Amino acid sequence: QKEVEQNSGPLSVPEGAIASLNCTYSDRGSQSFFWYRQYSGKSPELIMSIYSNGDKEDGRFTAQLNKASQYVSLLIRDSQPSDSATYLCAVNSLTGQNFVFGPGTRLSVLP
Amino acid sequence: DAEITQSPRHKITETGRQVTLACHQTWNHNNMFWYRQDLGHGLRLIHYSYGVQDTNKGEVSDGYSVSRSNTEDLPLTLESAASSQTSVYFCASSETSWGGTDTQYFGPGTRLTVL
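Line order of the protein sequences matches chains A and B.
If you count the first sequence from 1, position 67 lands on 67 in this note's numbering, and the numbers rise without skipping.
If you count the second sequence from 1, position 27 lands on 138 in this note's numbering, and the numbers rise without skipping.
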């Protein structure tokens, strides 16, 4: 059974701080990794995708991947109240088109 | 602009009734997916399709069926609705490529209540 795990939170950070969201996965065949943001009552929307070990930066967001440790993280710099949402980690394998989603981490950025 | 739509957005039905949720995408994606989302369980895959006439069962397929007669649509049918099927349902689509790298794009969701 392929699994993706995340801390459910809530993770509370003050405005302007760095929020760090973590995700671990069990399938060593996993090749692509995604972070989605989901506001309450809305559908998931893609923030970042990462396929290679290391860091990938996009604006205030940085995704970090370590395949040896089966670990992927999302850093949000200069956190804003508008970043308050649930963040879903998704993992896909080399041969599959199907994602496995983690349960999500709820982030609360306090003004 | 390409998009993925779901209808209805909200549905209340009674136990035992057949219900069909519609999903329509204009991305021209080969792959389409149905998920349900419940508190404490995250997104769980119900059924998916890799193309016309192709359908596959996901993690929680019991009590649900799908059919794919064209590229754009993947309706989800609850054969005999049960209270345990009260949930938010999301449809998603993605393009096909080797490497499993394609992003899934989600519809707005359908909130289904079974009384």
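Hints are computed from structural coordinates only; laboratory data are not their basis.
Watch out, some of these pointers could steer you wrong.
Residues from chain B that keep clear of chain A, each with C-beta distances beyond 12 Å, as calculated [to be verified]: (1) Gln117; (2) Glu125; (3) Ala133; (4) Thr137; (5) Gln148; (6) Leu150; (7) Gln164; (8) Asp184; (9) Ser191; (10) Ser194; (11) Asp213; (12) Thr214; (13) Gln215; (14) Gly220; (15) Leu226.
DSS-like, lysine-lysine: derived pairs with alpha carbons at most 30 Å apart [claimed, not checked]: (16) B/Lys122 x B/Lys168; (17) A/Lys42 x B/Lys122; (18) A/Lys67 x A/Lys56; (19) A/Lys42 x A/Lys56; (20) A/Lys56 x B/Lys168; (21) B/Lys168 x A/Lys67.
Computed beta-carbon distance windows for the label pairs [to be verified]: (22) A/Gln80 x B/Ala113: 26 to 34 Å; (23) A/Ala17 x B/Ser176: 44 to 52 Å; (24) A/Ser26 x B/Ile123: 18 to 26 Å; (25) A/Ser108 x B/Thr214: 38 to 46 Å; (26) A/Glu5 x B/Ser178: 19 to 27 Å.
From a predicted model like this one, the values you see are computed outputs, not experimental measurements.
Each residue gets a CB set at the ideal place from its N, CA and C atoms; glycine is no exception.
Determine which of the earlier numbered hints do not hold for this structure and return their numbers in increasing order.
-> 1, 5, 6, 11, 12, 13, 14, 20, 24, 25, 26
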